[in-house]
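Enquirer: One line per chain: the protein sequences are H and L, in this order.
Sequential numbering of the first sequence, starting at 1, is according to our numbering.
Sequential numbering of the second sequence, starting at 1, is according to our numbering.
For the record, the hints were derived by calculation from the structure and aren't laboratory data.
As the structure is a computational prediction, the values presented were derived from the model and not from experiment.
Glycine included, C-beta positions come from ideal geometry on N, C-alpha and C.
Among the hints, a few may not be true.
Under 10 Å between C-beta atoms, here's a sample of chain H residues computed to sit facing chain L [to be verified]:
| no. | residue |
| --- | --- |
| 1 | 15 |
| 2 | 23 |
| 3 | 92 |
| 4 | 127 |
Dumping the calculated BS3-like pairs for lysine-lysine here, alpha-carbon to alpha-carbon at most 30 Å [claimed, not checked]:
| no. | chain 1 | residue 1 | chain 2 | residue 2 |
| --- | --- | --- | --- | --- |
| 5 | H | 36 | H | 103 |
| 6 | L | 105 | H | 64 |
| 7 | L | 105 | H | 103 |
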Amino acid sequence: MNEYPRACIRGIQKGSSIRSNNKASLKLFLPDDRTKKYRNDNGIETSINWEDNETVLDFTLNYKDDNNRLVFPNGAVRLSRDRIDSVITNTNVSNPVSYERDKLEDNPYHGNIVFRDGLAQHDINLICGTFALYCSKVHTRQSNS
Amino acid sequence: MSSRIETNQRPIYTVPGLIEMEKDFDQVIITGSYSAATFLNARIVSRLRDEITDYGEKDLSELYNGYILSQLQASDLFANTTKYISTKKGFQLEFSKDARAELVKITNRTLADQVEKILNIIESQLQPYDFLTIPPIYVDELENGSILIEWAFDNVRLGFNIENQISNSGYFLASNHLAGEIRNSGYLFRGLRLGTIIHSLISLLLDDLINHERIS
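If we strip away everything but chain L, and leave its shape as in the complex, we get:
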């Protein structure tokens, strides 16, 4: 997967600082030492090295792409999101209430467990925030027995497919021209940690959630 090809067309993946990140990553691999210009880069590169150690040889572009989406986007959005930190005790789970109700109906309990993991991670990622209008997540059991998790925002669509052969399960995120024209998809259980992938995806969503709060 290559999200860093620049052509004479507008880049598809609008991840700021991607090229700089890539240089730092390459330097670590080649020299074994850091030369990160920023603390954030150093942290990301450090965790990438751990990831490589844990998982052995993996597709490097997929590894740093996941972390870039996670850490860099979160860092960029931090200044905007702090005002939404919740001061309430507990957490309103309205947006996932119906999805959890569907969980008990899923016939394949192995797949249902994976869906529950994803919902748990999403809820925990959003727990610090106090958005009033998070749209509902939907869970569907399709005719072939696979599970679709779908989350529709005004400008973004996020989804997960849990397949009968778990290793074929995946995710996608698409946004329109108002939210960066992002097109991202991949496998869920082939290398990157599930929490990392979801953290990345949520970070991309946060911007849209914040803008929705401003308008509504």
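Excised from the complex, chain H in its bound form:
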């Protein structure tokens, strides 16, 4: 499937990614520097699940690692793809991010928001801050049941 859905889901691994006033921190969307070495374009990735259907949020909230532990015990947020596109076209750097599908063996919805190589940290923070500003409220296993 090449077309993308209207939104993606970002799981929350660390509780500190949600501030005490219940607002998402930009830290939630910061890319992982370690992913650079696996990419030909030297980009860095923020992992997401594409919300291809109504089960993806639940899938994300219940996703477990090899030790049967919840990967996202602190819930998940939804980010509209329109907002990602808006950042691509309306930020003062050229094409700062792109997105892709990256299916995993146990996760057909997996994808990435890719930050291009060479961005200044303040531009990365601007983009992540924008995502945090526009993402949904936090969904938890309790609120989603």
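Based on these hints, arrange chain L on the given structure of chain H.
Expert: Just chain L now, kept in the frame of chain H:
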């Protein structure tokens, strides 16, 4: 950096009067004399000339962009903000209390000093006002040793990153469609004075703070 490109899309940086400011600035550079239509323009242009003298050759768009955000926004907001001038003695620092508590935990004291400077400036900029509901500022030491200062309002996000290589430190401000869809970012220690940058950013925040006070 160009925040004055007008396309057939809605402008991204909604800074009123930007084009007029630019004309006055160009006139000063070319002729060395003022022809500002307003006192505010003259003041800004005057300070821009001092800035150029102090710092030598700098990116001119970055220089006047910083001042425009500072003076022009503050001027526009002045009529709205005067009613919030504090009559109390002292100043409540609740919004930065936790951030200051984090300061002592930062391992790199050079970076901690920079964070403290920023907090000091922010507090002093807000001191004249009496907002009841300023959201808290957060300070985090990240895994790579850099420091993130983050301030989350309903419609605005403001942040600073203090890097191990100080010259790479920066700021950002983003607002949603309810607060002008602003996207602004830049370096902290490359040309503009730290106080100028923060003054600019606070001015943009004031509008959101006032609106929040009205609703709450």
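Enquirer: So, for every hint listed, does it hold in this structure?
Expert: Consistency of the hints with the structure:
no.	hint	result
1	15	violated, 13 Å
2	23	holds, 4 Å
3	92	holds, 6 Å
4	127	holds, 8 Å
5	H/36 / H/103	holds, 18 Å
6	L/105 / H/64	violated, 33 Å
7	L/105 / H/103	violated, 40 Å
In the structure shown, a violation is registered for the earlier hints numbered 1, 6 and 7, in ascending order.
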